[in-house]
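For the sequence shown, UniProt numbering begins at 1 and goes up steadily by one.
Accuracy of the hints is not assured; some may be wrong.
Quick list of the computed label-pair ranges, beta carbon to beta carbon [stated by the list, open to error]: (1) F151 with Y58: 31 to 41 Å; (2) Q16 with Q56: 20 to 30 Å; (3) D25 with K98: 17 to 27 Å; (4) S105 with A168: 28 to 38 Å; (5) P11 with E128: 40 to 50 Å; (6) L52 with A168: 34 to 44 Å; (7) F151 with E128: 15 to 25 Å; (8) A164 with Q56: 21 to 31 Å; (9) Q56 with V12: 23 to 33 Å; (10) H147 with G28: 33 to 43 Å; (11) N61 with A166: 42 to 52 Å.
Dumping the calculated DSSO-like pairs for lysine-lysine here, alpha-carbon to alpha-carbon at most 27 Å [stated by the list, open to error]: (12) K99 with K67; (13) K5 with K137; (14) K127 with K108; (15) K45 with K5; (16) K45 with K67; (17) K127 with K99; (18) K5 with K38; (19) K127 with K45; (20) K5 with K67; (21) K108 with K98; (22) K133 with K45; (23) K108 with K67; (24) K99 with K133; (25) K5 with K108; (26) K67 with K98; (27) K67 with K38; (28) K38 with K133; (29) K67 with K137; (30) K45 with K98; (31) K5 with K98; (32) K127 with K137; (33) K99 with K137; (34) K98 with K38; (35) K45 with K108.
FYI, nobody ran anything at the bench for these hints, they're computed from the structure. Just so it is clear, CB atoms sit at the ideal spot from N, CA and C, and this is done for glycine as well.
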Amino acid sequence: MTALKYLQAYPVALQQQVRQLIVEDRLGEYLSGRYPHKHAVQSDKALYSYALELKQEYLRNAPAIDKVLFDNRLDLTHRALGLHTTVSRVQGGKLKAKKEIRIASLFKEAAPEFLRMIVVHELAHFKESEHNKAFYKLCEHMLPGYHQLEFDLRVYLTWRDLQARAGAAD
């Protein structure tokens, strides 16, 4: 039985559907049918602009974003698709906090829906630090269908792992 590390929190019935697609070698086909395009956001500057637009539309009163970038050091094994941080520094007797968002570099090649889901997720943490009901309600407000996209993103990560294993076996 295939271990579905990105889907462990989902119901067994959903996991079984994904396993069936894997057995039938149709997981890639499922994903490319639902998400046929790749986004055009390829630089850190473009990613910053993209995140800033979303913030301005939905979270005007949230703290300013100081930096947004693709990070090739984010480790998916710790479930870090993106990361939001607050870096505090003392400058001239004042404490300054800088808000940063880092997105795993592998999402440069992903569907635009997946990039938006990750950015929305990280922006939502500016208002709600915990993964609670209010957090997911905010995510759903900023991106209707958020929960389905999060599931499909996890399916995409599963497919990438399978592709990497198949490539390593060749």
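Can you give the numbers of the hints that this structure goes against, from lowest to highest?
-> Violated: hints 1, 2, 3, 4, 5, 8, 9, 10, 15, 20, 22, 28, 31 and 34.
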